[in-house]
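Enquirer: Sequence:
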Amino acid sequence: MNIQRLGPYRLLRELGRGGMGKVFAAVHVETGEPAAIKLLSAGYSAEEGFRTRFAGEIETLRKLNHPNIVRLFGFGQQDDMLYYAMELVDGRSLEQELRSGRIFNWGEVIDIALDVCHALRHAHNRGVIHRDIKPGNLLLASDGHVKLADFGIARLFGYARLTHTGGIVGTAEFMSPEQAAGEPAGPRSDLYSLGAVLYVLLARRPLFRAASFAEMLHKQRTEQPEPLRNFAPECPAELEQIIAQLLNKNPDDRIADAHVLARRLMAMRDRLLSGGEEVQQPEATPAAASLGQSPGAAGAQAESVSPASGDRSLPATKPTEMLFRIQQGLGSAAVTGVSPQSEADRQHPDGPCATDAAQSPKAAEAQPVASLRLGSGYLQPTVDVARQPAAAVAQPRAPTAAASQKQPAGEMPSSESTSAGQFIAVPADRLGADEPQSAAGRPLVSPTTWLLLGGLILVTAVAWYLLQPPSADRLYSRIMSRYDGSAASLASVETDIEFFLTNFSSDHRAPQLHDMLRELHLDRRERRLDRRAKGFGAGEGLSPAERAYLEAVNLSKSDPEQSLQRLEALVVLYGREATTTGPTAECVELARRRIEQLSAELEAARGDIRAAILARLDEADRLAKKDPDKATAIYRAVVALYSHKAWAADLVDRARRSLSGAAAPAEVPARSP
Numbered sequence: 017m018n019i020q021r022l023g024p025y026r027l028l029r030e031l032g033r034g035g036m037g038k039v040f041a042a043v044h045v046e047t048g049e050p051a052a053i054k055l056l057s058a059g060y061s062a063e064e065g066f067r068t069r070f071a072g073e074i075e076t077l078r079k080l081n082h083p084n085i086v087r088l089f090g091f092g093q094q095d096d097m098l099y100y101a102m103e104l105v106d107g108r109s110l111e112q113e114l115r116s117g118r119i120f121n122w123g124e125v126i127d128i129a130l131d132v133c134h135a136l137r138h139a140h141n142r143g144v145i146h147r148d149i150k151p152g153n154l155l156l157a158s159d160g161h162v163k164l165a166d167f168g169i170a171r172l173f174g175y176a177r178l179t180h181t182g183g184i185v186g187t188a189e190f191m192s193p194e195q196a197a198g199e200p201a202g203p204r205s206d207l208y209s210l211g212a213v214l215y216v217l218l219a220r221r222p223l224f225r226a227a228s229f230a231e232m233l234h235k236q237r238t239e240q241p242e243p244l245r246n247f248a249p250e251c252p253a254e255l256e257q258i259i260a261q262l263l264n265k266n267p268d269d270r271i272a273d274a275h276v277l278a279r280r281l282m283a284m285r286d287r288l289l290s291g292g293e294e295v296q297q298p299e300a301t302p303a304a305a306s307l308g309q310s311p312g313a314a315g316a317q318a319e320s321v322s323p324a325s326g327d328r329s330l331p332a333t334k335p336t337e338m339l340f341r342i343q344q345g346l347g348s349a350a351v352t353g354v355s356p357q358s359e360a361d362r363q364h365p366d367g368p369c370a371t372d373a374a375q376s377p378k379a380a381e382a383q384p385v386a387s388l389r390l391g392s393g394y395l396q397p398t399v400d401v402a403r404q405p406a407a408a409v410a411q412p413r414a415p416t417a418a419a420s421q422k423q424p425a426g427e428m429p430s431s432e433s434t435s436a437g438q439f440i441a442v443p444a445d446r447l448g449a450d451e452p453q454s455a456a457g458r459p460l461v462s463p464t465t466w467l468l469l470g471g472l473i474l475v476t477a478v479a480w481y482l483l484q485p486p487s488a489d490r491l492y493s494r495i496m497s498r499y500d501g502s503a504a505s506l507a508s509v510e511t512d513i514e515f516f517l518t519n520f521s522s523d524h525r526a527p528q529l530h531d532m533l534r535e536l537h538l539d540r541r542e543r544r545l546d547r548r549a550k551g552f553g554a555g556e557g558l559s560p561a562e563r564a565y566l567e568a569v570n571l572s573k574s575d576p577e578q579s580l581q582r583l584e585a586l587v588v589l590y591g592r593e594a595t596t597t598g599p600t601a602e603c604v605e606l607a608r609r610r611i612e613q614l615s616a617e618l619e620a621a622r623g624d625i626r627a628a629i630l631a632r633l634d635e636a637d638r639l640a641k642k643d644p645d646k647a648t649a650i651y652r653a654v655v656a657l658y659s660h661k662a663w664a665a666d667l668v669d670r671a672r673r674s675l676s677g678a679a680a681p682a683e684v685p686a687r688s689p
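Heads up: the sequence shown runs through residues 17 to 689, numbered per our numbering.
Among the hints, erroneous ones may be present.
With a straight-line cut-off of 25 Å between C-alpha atoms, the simulated SDA-like cross-links for lysine to any residue are [unchecked claim]: (1) K265 x R280; (2) K265 x V276; (3) K661 x A649; (4) K661 x E617; (5) K642 x A627; (6) K265 x R287; (7) K642 x R652.
Everything labelled a hint here was simulated from the structure, so no lab data went into it.
Please take these sequences and the hints and turn them into a complete structure.
Expert: Have a look at this one:
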């Protein structure tokens with residue numbers, strides 16, 4: 017697939033390729049603005065859920081607008097392939113600098129660390145974690161400052177994607193222990209990775225060497241790197257301590273955040289500049305000299321001067337750079353153009369910073385985007401000044417006035433439909449600008465601090481109000497509004513009732529609530545004993561009164577009258593105890609309630625039985641003359657069934673009298689009851 021244009025950008029040349037896709041140098045056809053276009057592989061675009069993740073990460077990148085972060089220009093799709101346009105940095109990555117043999121002195125490392133700290137502080141304050149800080153993602157611009165690239169790439173593709181090739185060790189070498197253990201990454205994970213980068217820049221070797229991805233992850237979690245002084249004896253002891261603290265396995269033991277780290281680095285640099293510590297510097301090596309820069313002159317000179325000098329006639333230089341020039345007797349060196357990536361850079365298999373595999377330009381041209389293998393290496397965008405058009409390597413600039421007028425103010429940017437596909441631009445004013453105020457214009461207490469303080473006071477006041485005990489009237493009203501007479505509603509207000517009885521025991525409503533609470537306890541004990549009566553649970557741990565109660569309840573179905581007698585006996589035996597609380601007292605109260613219930617049930621049942629007996633006796637009286645044998649049988653049945661029932665004594669006596677008068681004693685044979 018020969019792609020000439022993506023959205024509003026005309027592709028100039030391919031910068032690199034990998035499993036994630038291709039990177040092109042491009043230029044905006046209307047504004048002439050250079051850009052780096054990252055075209056994602058077709059396999060990712062077709063992956064389920066990837067487009068949603070892509071949109072989420074683009075939304076994350078919109079939050080970032082900082083001089084030390086590669087800026088997002090826009091994003092779009094073409095032929096079902098996703099791409100996004102980023103700032104094209106006029107420079108090389110720190111990885112390429114290391115591969116070319118450059119040796120970084122500790123002053124340059126401090127400057128690099130400060131730039132990365134500023135970028136991380138901006139991102140972390142907006143809830144954005146990089147997750148994959150490594151030399152390949154740190155681009156050294158022509159002005160000497162570092163720009164952090166590929167925010168969101170690690171989370172978008174996942175570290176699992178990177179394990180498909182040998183280049184994974186390049187990422188794993190800078191992975192924090194918590195990431196290596198599969199735990200979520202946080203701001204201090206980025207600080208660990210930054211510490212690993214600083215270690216590599218000074219020691220010119222990685223923290224650990226491993227033959228496999230799994231071994232590298234294990235070392236990141238469990239092993240400690242060799243002391244930095246073994247490889248960089250010229251490094252100040254304080255800088256070595258800072259890097260060691262960044263490389264702590266426990267995130268809580270690392271430096272708190274990027275802002276604190278930057279302040280410590282600047283304080284250390286100021287002490288070194290003031291002569292507080294003597295440091296021996298290494299001599300310039302041929303490898304460093306071949307880059308056309310002095311060890312301390314990596315960036316171009318700025319127009320302003322250092323605030324400490326006060327002399328605006330002199331060009332400003334980074335403090336650490338000036339220190340090196342004084343110590344080494346080096347003058348101001350001219351900044352050379354960025355050289356194209358060498359073949360050795362592309363094919364070097366290992367080195368101080370093993371990285372993702374890359375292909376040669378010829379192989380890159382021959383392989384179409386749609387056929388890229390998942391998991392192959394990924395190159396950072398680089399610039400070839402010798403072959404790049406002037407417009408493509410100029411410093412990135414914001415969209416022109418004509419371009420910005422296409423979008424109404426206050427609205428999201430519209431889709432810019434072109435013949436090449438759909439592209440959504442992200443103007444600079446839509447990004448989360450981070451322009452720090454000067455010390456003179458900064459208020460003593462920021463509005464954010466006042467807002468947080470007001471919120472804290474409000475939360476404290478609300479918490480104090482909620483923790484105040486309610487009054488007796490309000491608590492009683494709340495209890496009665498939730499209680500509807502059911503056991504469930506009574507249980508829902510149990511805590512409030514107990515609180516009322518504890519704090520307002522002398523209130524005239526306390527006896528009522530005490531009875532309600534006693535009712536709840538009785539209901540619970542009754543349900544527990546009923547479950548025991550049905551065979552759920554053994555009888556161990558029961559008091560004598562509870563055992564007698566269970567036996568009486570078990571008789572209630574087969575012989576309710578016998579059950580009633582036992583319950584009455586239980587009340588007589590245990591009801592005179594002085595205590596009014598506890599299992600025995602509650603059991604006696606339950607027995608009284610059961611007696612009332614059984615008495616009412618038996619009274620209703622006895623009325624029906626007496627009516628039936630009377631009807632049968634009347635029938636026997638009518639049959640006495642016509643069929644005396646049948647009448648005699650009815651009388652005897654009444655005597656046999658109900659002679660032991662006290663409530664049926666009068667009916668039994670009538671049956672016996674009828675038997676005595678119906679026949680002579682000889683004619684009425686005696687029968688066993």
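Enquirer: Tell me, which hint numbers fail for this structure?
Expert: Checked against the structure, the only hint that fails is number 6, while the rest are satisfied.
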